[in-house]
Structures are given as C-alpha cells and as structure tokens.
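Quick note, the sequences are listed as chains A and B, same order. All residue numbers for the first sequence refer to our numbering, where the first residue is 1 and numbers rise by one. All residue numbers for the second sequence refer to our numbering, where the first residue is 122 and numbers rise by one.
These are computed hints drawn from the structure, not numbers from a lab. Keep in mind the model is a prediction, meaning the values are calculated, not measured. Beta carbons are placed, not taken as given, at the ideal position from N, Cα and C, and that holds for glycine. Do not rely on the hints blindly, as some may be mistaken.
To be verified - With a cut-off of at most 27 Å between alpha-carbon atoms, the simulated DSSO-like pairs for lysine-lysine come out as follows:
| hint | chain 1 | residue 1 | chain 2 | residue 2 |
| --- | --- | --- | --- | --- |
| 1 | A | K17 | B | K164 |
| 2 | B | K204 | A | K17 |
| 3 | A | K62 | B | K146 |
| 4 | B | K146 | A | K17 |
| 5 | A | K17 | B | K232 |
| 6 | B | K651 | A | K8 |
| 7 | B | K383 | A | K62 |
| 8 | B | K153 | A | K8 |
| 9 | B | K153 | A | K17 |
| 10 | B | K204 | A | K89 |
| 11 | A | K99 | A | K87 |
| 12 | A | K62 | B | K164 |
| 13 | A | K17 | B | K235 |
| 14 | B | K264 | A | K13 |
| 15 | A | K101 | B | K204 |
| 16 | B | K153 | A | K62 |
| 17 | A | K17 | B | K264 |
| 18 | B | K204 | A | K99 |
| 19 | A | K8 | B | K383 |
| 20 | A | K94 | B | K383 |
| 21 | B | K164 | A | K13 |
What the hints assert, rightly or not - Which chain A residues stay away from chain B? Per the calculated CB distances, all over 12 Å, these:
| hint | residue |
| --- | --- |
| 22 | E6 |
| 23 | G19 |
| 24 | T36 |
| 25 | P85 |
| 26 | G86 |
| 27 | D88 |
| 28 | A93 |
| 29 | E102 |
| 30 | Q112 |
| 31 | Q116 |
| 32 | T118 |
| 33 | S120 |
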Amino acid sequence: MKSLEELKAIREKMQGKVGFRKEEAEGIRVVVGMATCGIAAGARPVLNAFVEGVAQAGLNDKITVTQAGCIGLCQYEPIVEIIEPGKDKITYAKMTPDKAKEVIEKHLKGGQVVAQYTLSM
Amino acid sequence: MYRSHILVCGGTGCTSSGSAAIIDKLNYELAKNGLENEVQVVKTGCHGLCALGPIAIVYPEGTFYSMIKVEDVEEIVTEHLLKGRVVTRLVYDETIKNGEVKALADTDFYKKQKRIALRNCGVINPEDIEEYIGTRGYEALGKVLTEMTPEQVIDTILASGLRGRGGAGFPTGKKWQLARNLVQDGGQKYVCCNADEGDPGAFMDRSVLEGDPHALIEAMAIAGYAIGASQGYVYVRAEYPIAVSRLQIAIEQAREYGLLGKDIFGTGFDFDIGIRLGAGAFVCGEETALMTSIEGNRGEPRPRPPFPAVKGLFERPTVLNNVETYANVPQIILNGVEWFTSMGTEKSKGTKVFALGGKINNTGLVEVPMGTTLREIVEEIGGGIPNGKKFKAAQTGGPSGGCISAENLDVPIDYDNLIAIGSMMGSGGLIVMDEDNCMVDIAKFFLQFTVDESCGKCTPCRIGTRRLLELLDKVTKGQATMEDIDRIEKLCYYIKDNSLCGLGQTAPNPVLSTLQYFRDEYIAHVVDKKCPAGVCKDLLSFTIDKDKCIGCGMCAKQCPAGAISKTDYIAPGKKLPALAIDTSKCVKCGACIEKCKFGAIEKK
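One chain only, chain A, in its complex shape:
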C-alpha cells in the first residue's frame, strides 16, 4: 500500500462488515421470519436479497437485517417486518426476492411503503 487512498478504500469496504457487530442496533430493522414455515415458503432467498440489497445500497450503517422465528401467520410467509423508530411497524407478506428489491428501492431508500405487498387482513 502506498497511499492513504488505498487505506481508505479498504476501510470503506470493511466498515460495513465490521460495523455490523454493534451492540445496539440503531435505525431501521428489517426482520425476516425464518421459522420452518418461513423457510418452507422461501424466506431464505428473501433474507439474502435484503442483506445484499442493503449492502449494495451502502445502508449498512442505518439498516440492520435480521431474522426472527414464527409470528403465527404461517399462511402469509415469507413475512418481513420493517421497524423504524418512532413509526408504526410495517409488515410485508408473501415476499419474494424481486419484491424485496422493490421494497429496498421504494421503502428503505425512498421512504414510501409498498402498500400492495403489506399484510392486509
């Protein structure tokens, strides 16, 4: 390494990775239901789509993608909850990786809830 720029490049590449080991997650939390029902309905590709999408968008500092167990609405799996401090929890149902990309674009980046994917009972 011969320059500070190179050091900075490595730091930026690694910060998302290491910064994710924070004790208290601040900001937005994306919680993917990953119980047996969720996995059977295809939650893992959805989870991975969120992880990758958030990283690509460079939002690791602000958004934590994590998993949870079954919330009891197995017929709507894969379920994704987006929890933002000070706002109502948004629950998306029957998610797919493509829908995940849309939610990242519109909701996480743009702040617009993608109403047609939300759980409406």
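Go by the hints and put chain B onto chain A.
Frame of chain A; chain B shown alone:
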C-alpha cells in the same frame, strides 16, 4: 455479504475450554445446512468474561452465548442461524433476565466498562488486517505521517496525560520526548514493547496481543516516527504461544500491505518490528533486564542512570512501553486529547484494564475509567464474592503491589491513590480475597514468588528476600516472637532502599501492606498461635465433637492418613459410637470436614 456473523472467542481462556473444537463444529454444521455463504464464523480475541467461556456472539442480534459445548453447536445452527430462534438455555443468564434478551452492553459486567485498549478484543478477527483497517485501523499512523511533525505527536501524547500502564505510571509523552531530544547524533534509535507480562494473575497484555495485535504495531510505528527510530522489538514471553503466533501473522500482513517496511504511505518513513521471545523470567519485565535479554545476554538489570532514553538497547536511545500503553496511542491520535482527558482523574487519564481473579464471581478482564472505585469493580462488574462470603482485601500490582483493605473500598483507583494507600497499580492484576484467606499466607505466597524470581545480581534482593521469607515462615508456623515482627519490618525497608532494580525495591510491598492493614492477624499468629482464617496448617487442629457425631464413618473413609477411628462413646440419642481424630497422624487436609454432613468436625 454475510447476513450473520458468529464470533467465537479464540483467546487463551476460551481456547483452553475448547473453543477450537466449537469453531470446527460450527463450520461443519453450517456447511451441512448450506449456510456457509450466509453466516460467517469469526475467531476473535478475548471478550473479558473468561469465567463463562467458551463464548460466542451472534450478530446483528448481539446474542451472547456462554459456556457452550460442542454438542450445543448443532442446536445453535439449526435453531438460531437457520430459523432465527435464539437458544435461550445457552444465553448468558444476565442478558436474559425477565424473559427479555437485553444487549450485552447493558449487563452489569459491561455497563460500567469503557473499552479503549480492549476496544477490538472480541470484535474483530485478529488474523485479518482488513478487519482492523475496517475499525479505523492504521488511520492514526496515516494521519501522523502525513499531517503531523514528530514534535506534534509527542505534544499530543504529553497533553493526553497517558501514563505507563505497565505499573509505574511514568508519563509516556515524557519518555518519548527524552528519547527524541537527549541524543541527536543521527544514529539508530529503538522502539521496544514490553510484553513480558509476569505478574501472577495479570493477562491484559496477552489479550491485546491475541485480540488486536495491529493496534500495537500501529502504535509502535507512531512512536518510531515520534522519536526517529526505524526499528522496533516486541519482547514477549514464549509461554504465550497464541499471542506470539497472532503477532507474527499481524507483522507479516502489515509488511504485505506496506504498513511496515520501507517508505510507509510514500512518506519516506521506514519502520519494522522484530519479535524476541523471553523464557519467562519475571526480572525480564524490568526495563534494563529486558533490553539486556534482547541483546542476547543473560536477563539481568543494570543501574539507572543512564536511562533507556539515553542509553538503552545496544547502548542507543530507546523507548520502552508496555502493550496496554501502546494500545491507547492510536485512539488518542484519532479521537484527540480532549476525548482522552475527559476520562479518568486529575493525574491519571483514560482507562485501566484489570484482570479480575480470586474470590470473585466474574473472573475476567475489565477496562474501566481511572477513578472507578474498587467497590464498583468488585461488587458491580465482578458480580461480588461467591458463596455469600465477606470481602477482606484485594491485591493489586502482583508481587510488587499490596493489599487494599475493606476500609479503602471507596477510594477512586488511580496511580497516586493506590500508592497513597500502600499498594500500586502494577500491571493491573486484581486478586480478590475473602474471609477465608490468611493475609500472612498471602504475603508469604508473593514473597515466595519473588524469592524464586530474584535474579541474584544484588545482595539485598537475593539474600534479603530469602531471610524475609524465613521470618514469615516462622510466623505461619507459630514460632515467631513479637521481635520477629519488628525484624520483618526493618528488613522490608532495608530491601526496598538497597535493591538494584524494581523487583527488589517492590518485593517487600505485599508484606508491608498486610502488616499495615492486618497487623492483628500477624499478632494472632505470634501471640495466640492461631490462624484466624484457618489456613496456616501448623496452627490448626481438627477435632470431632463427640456429641454431634452420629458415627456414620464418612470422614474416616475420606481420611488419606487413616487418622480417624471409632471410640467407645455413643452420644445420647445416637446409635453408633462417635469417631475421633488422632492428631499425631492428622495431616490437616480438611477432607473430613467437607464430607461431614452433621457439622461435627471443627477446625480451630
């Protein structure tokens, strides 16, 4: 991109409780469940809660698993990592009170801690330089080399008030300033690191080497720039194999990335580091002995002056600091003097790492701001004393330090306050003692250590400490007189005043401080021929209360000396004859007391 990281402690503590096997099993189970590209296993340094090892933390949730076994790994993978269901039975009790999992930072153990020297320990993979860079690693070195003059670096360290964490508390910036200014002949200067951590019970330097070796490398390079040195040496004991190998890996990676070697960051500054292994002699932690040992000679101290800043390694100006001291340096450069001086007391800034051991619930490594009281460390962070026993004293500074008694529990701990109450900071070993510890015996234990470790070069230390030990031995055997106590005190001061190096000068401290705070215990041994704590065997006798004894014979079965036999006395209301101890055969091991369910055996 991994969605989850599982950090497993690979420090010496957790490694000896089996963390390597857990890492293997984790990798196997993750592959079996097809999760190897989603979940990353990271081997880290020490988290500090060694008593609960092996430890693993799952992020981003921050779930803290403690005391895990290889058999538990499958469940962690299939339940938590695959399905997101935390395995609550394995979660550290304190993080899950009232049914809710709380953040580790909110637990009593971590709440009052402020981790600077240990900031990366347990958080990054010490064998991956990029993880260190990701936590702003080597940014301080870059800043120093491109934006600061050596004088500015020294001024910053001086203004921060950083003092040597190895024990004596000499201002670090002052050391650097002397090494830079006293000799300016353009010749070679050296930067050395004292990683010869020898105090019984202290292991913070090992933890930094194992958990964050690049912090040391970066700080030594900064010191090199400040004083004008291009070569550094780390003197570390060979008994720290994990630390040595991680440091070796770190140095190689730093060279590969051009952060050690020639023309660092294209600024024309050259710096490299070599490792020198010590054979574990305690005296080699003394600076002149350490440098003599690096030179390839027998590790013996020499008189000062000349101080190392003038004539150190190979007779050249040398800066020698301890590992924990160095670990603070990059943080001071990055975060500024104001940040650092906002922590601590008037004359002791920043934090100090303590290795908690002895009679305490949370054995481990803690880093607290200077000025924290012993009570906070013992009762809150340490979780108090096991089995409801009473606090009697804490020993700081190892064989060079002294005891802090209960009356000083609320003294804010810093360099000067500890000296004022007859102890010293030392490297930060903190051994807690309860009412079952005999203070004469403790003094004898530490003195035995210094007698064994005295290098023999000067007479006051070589012969004086041995005579002192013999006098203490007389006390613990009940053969001493009150005149002997006076002799002990006189000899202590003689050794302190006349020894060549720090080892001898501080060796009598454990005796003097116990005499100061627990003189009545010494007197009990001498006058009453009793050991109040029931430790000194020569002053104990074991007897069976014949009216409490039911004659079950459990004690006799346990006795290794065959000293217990039946009598012909049957107590009223009992069916079998009572037993008695033949004191001429009794070896006073205490095995019988542990077995007796009826409290019939007494130790006096």
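Comparing the hints with the structure gives:
1. A:K17 x B:K164: OK: K17 of chain A and K164 of chain B at ~15 Å, within 27 Å.
2. B:K204 x A:K17: holds (22 Å)
3. A:K62 x B:K146: violated (33 Å)
4. B:K146 x A:K17: holds (23 Å)
5. A:K17 x B:K232: holds (25 Å)
6. B:K651 x A:K8: violated (68 Å)
7. B:K383 x A:K62: Distance ~39 Å between K383 of chain B and K62 of chain A Cα, so the pair is violated.
8. B:K153 x A:K8: violated (37 Å)
9. B:K153 x A:K17: holds (24 Å)
10. B:K204 x A:K89: Since the Cα atoms of K204 of chain B and K89 of chain A sit roughly 21 Å apart, the hinted pair holds (cutoff 27 Å).
11. A:K99 x A:K87: holds (22 Å)
12. A:K62 x B:K164: holds (26 Å)
13. A:K17 x B:K235: The hint holds at about 23 Å.
14. B:K264 x A:K13: holds (20 Å)
15. A:K101 x B:K204: Measuring from Cα to Cα gives roughly 22 Å; hence the hint holds.
16. B:K153 x A:K62: violated (32 Å)
17. A:K17 x B:K264: holds (23 Å)
18. B:K204 x A:K99: Since the Cα atoms of K204 of chain B and K99 of chain A sit roughly 21 Å apart, the hinted pair holds (cutoff 27 Å).
19. A:K8 x B:K383: holds (20 Å)
20. A:K94 x B:K383: violated (58 Å)
21. B:K164 x A:K13: holds (20 Å)
22. E6: violated (9 Å)
23. G19: Per Cβ check, G19 of chain A is inside 12 Å of chain B; nearest 7 Å; violated.
24. T36: For T36 of chain A, whose nearest Cβ neighbour in chain B is about 7 Å away, the distance does not exceed 12 Å, so it is violated.
25. P85: P85 of chain A clear of chain B: closest Cβ-Cβ about 15 Å, beyond 12 Å.
26. G86: With a cut-off of 12 Å, G86 of chain A remains clear of chain B, as the shortest Cβ separation is near 19 Å.
27. D88: Holds: least Cβ distance 22 Å, greater than 12 Å.
28. A93: About 17 Å separates A93 of chain A from the closest Cβ of chain B, which puts it past 12 Å; holds.
29. E102: Its Cβ never comes within 12 Å of chain B, the nearest being 19 Å, so this holds.
30. Q112: At roughly 25 Å from the nearest Cβ of chain B, Q112 of chain A sits farther out than 12 Å, so the non-interface label holds.
31. Q116: At about 26 Å from chain B, Q116 of chain A clears the 12 Å cut-off, so the statement holds.
32. T118: holds (21 Å)
33. S120: About 24 Å separates S120 of chain A from the closest Cβ of chain B, which puts it past 12 Å; holds.
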